[in-house]
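Protein sequence lines correspond, in order, to chains B and H.
Using the numbering used here, the first residue of the first sequence is number 1, and each one after it goes up by one.
Using the numbering used here, the first residue of the second sequence is number 1001, and each one after it goes up by one.
Read the hints as simulated data drawn from the structure, not as lab findings.
Cβ atoms here follow ideal geometry from the backbone N, Cα and C, with glycine treated the same way.
Take these hints with a grain of salt, some might be off.
Said to hold, decoys possible - Reference listing, derived: stretches of chain B covered by chain H, where coverage requires no fewer than 3 residues with Cβ under 8 Å from a Cβ of chain H: (1) 36-45; (2) 76-85; (3) 139-149; (4) 244-252.
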Amino acid sequence: MNERYDLVIVGAGPAGLAAAIYAARARLETLVLDESVPGGQVKTTHKVSNYPGFPEDIKGTELAKAFAAQAERFGATIRRAVEITRHDLAAVVKTFELDEEETVEARAVVVATGAKPRELGVPGESRFRGRGISYCATCDGAYFEGKDIHVVGGGNSAVEESLFLTQFAKSVTIVHQFDHFQAEASSAEEALASPKIKVIWDSEPRAFSGETALRAVTIQNVKTQERSELATDGVFVFIGLVPRADLVKGIVPLNKWGYVETGEDMSTPVPGLYVAGDLRAKQFRQITTAVSDGTIAALAAQKYLKQQKAA
Amino acid sequence: MSEHVKEITAAEFNREVKEAGEPVVLDFYSTECPPCAALAPKFEAVAEQLAGKARFIKIFRQGSRELAMSLGVTGSPTLLFFDRHGREQGERMGGEEIKRSAIKAQVEALLAAE
Chain B
1 MNERYDLVIV
11 GAGPAGLAAA
21 IYAARARLET
31 LVLDESVPGG
41 QVKTTHKVSN
51 YPGFPEDIKG
61 TELAKAFAAQ
71 AERFGATIRR
81 AVEITRHDLA
91 AVVKTFELDE
101 EETVEARAVV
111 VATGAKPREL
121 GVPGESRFRG
131 RGISYCATCD
141 GAYFEGKDIH
151 VVGGGNSAVE
161 ESLFLTQFAK
171 SVTIVHQFDH
181 FQAEASSAEE
191 ALASPKIKVI
201 WDSEPRAFSG
211 ETALRAVTIQ
221 NVKTQERSEL
231 ATDGVFVFIG
241 LVPRADLVKG
251 IVPLNKWGYV
261 ETGEDMSTPV
271 PGLYVAGDLR
281 AKQFRQITTA
291 VSDGTIAALA
301 AQKYLKQQKA
311 A
Chain H
1001 MSEHVKEITA
1011 AEFNREVKEA
1021 GEPVVLDFYS
1031 TECPPCAALA
1041 PKFEAVAEQL
1051 AGKARFIKIF
1061 RQGSRELAMS
1071 LGVTGSPTLL
1081 FFDRHGREQG
1091 ERMGGEEIKR
1101 SAIKAQVEAL
1111 LAAE
């Protein structure tokens, strides 16, 4: 007999865990599935400064743990490092096969699988991934103690993680495609004032080269078209995100960028299936907006389950 | 940690990996590395499934800086696969998206190649 839950939430980031807190407090049998450990992108963010309730900065890992602990306190079950090997979300009773070993059933589902770091798509990138190219400063920053490194990007992640990397690296050179940062003014000013940070504006990487490990990045100025090869010990890439929509592809409508269009209540055309957080088509992707989505999805799912019972 | 996973130091690398005489999966990990924490249970599960056929070894990056550099490892977690002759084979795996099934498939490919 398969284990059956009222609500299965896929993705233990801020959206999924906010949904879990609300669902568990409403006494729904709630299961959260994650292929990693809880926290989503927050867990690899070195510090969070704009989440209300924390007047001092909080480490991303700590915020992630706090979200998970709060959901578990109210009775939500969080399954870590679990792989969904088959699934059927279109049916009334939705099913997930986990690690090819067991199947769980859900009367309603919130998909909050979020987004993952976008790759540059430049020659040499996959060859040097883990051999000099990284997408996670908290994981890999310490490998670059005393080194000269580059960061690609100019949004919040790029600028804030560059600041974090200055505690290890001898120098951090930011390569950005525009002539100004898209990051919040407070971080941008801090980066521009840092003696360890240099910025190369209007430029994009075109190729990576090296032997066993990365040695150089070729960049091109997008205004003058001039190319130059820069020696480097490592490159961190923070150029935005791509949605993780695999689970719902084919059963709910995606916009042209691959994000899921939902109703204001996070509903999809499939009854009992909700989408929340960064995976949703929306203008702003923040921890606060993810938490809002998760809250709404859980409340909407609760209403749906009540109506199902009454019917 | 599972009894099927052994942790070594850089000094033991030659004996435990290069001269193991059987396929080895080597996991470079760090502390304060959520993707490493996520990999651990998957690594242990595969180690259990393939116990006796291949060795599953972990090495702590912070204590193995020079070895990591000599192998060109600059990220955690990084999985390296060695055949029974101690030669590195196949693609390295890294980051948060390592799947249990992918680790198993790569070790099975090493075993089949012998």
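Structure-based check of all given hints:
Counting residues of the segment 36-45 of chain B whose CB falls under 8 Å from any CB of chain H gives 5; the rule of at least 3 is met. Coverage of the segment 76-85 of chain B by chain H holds [criterion: at least 3 residues with CB-CB distance below 8 Å; count 4]. Coverage of the segment 139-149 of chain B by chain H holds in this model, with 5 residues showing a Cβ closer than 8 Å to a Cβ of that chain against a need of three. Requiring three or more residues with a Cβ within less than 8 Å of a Cβ of chain H, the coverage given for the segment 244-252 of chain B is violated, as only 0 such residues are present.
Checked against the numbered hints above, the structure violates only hint 4.
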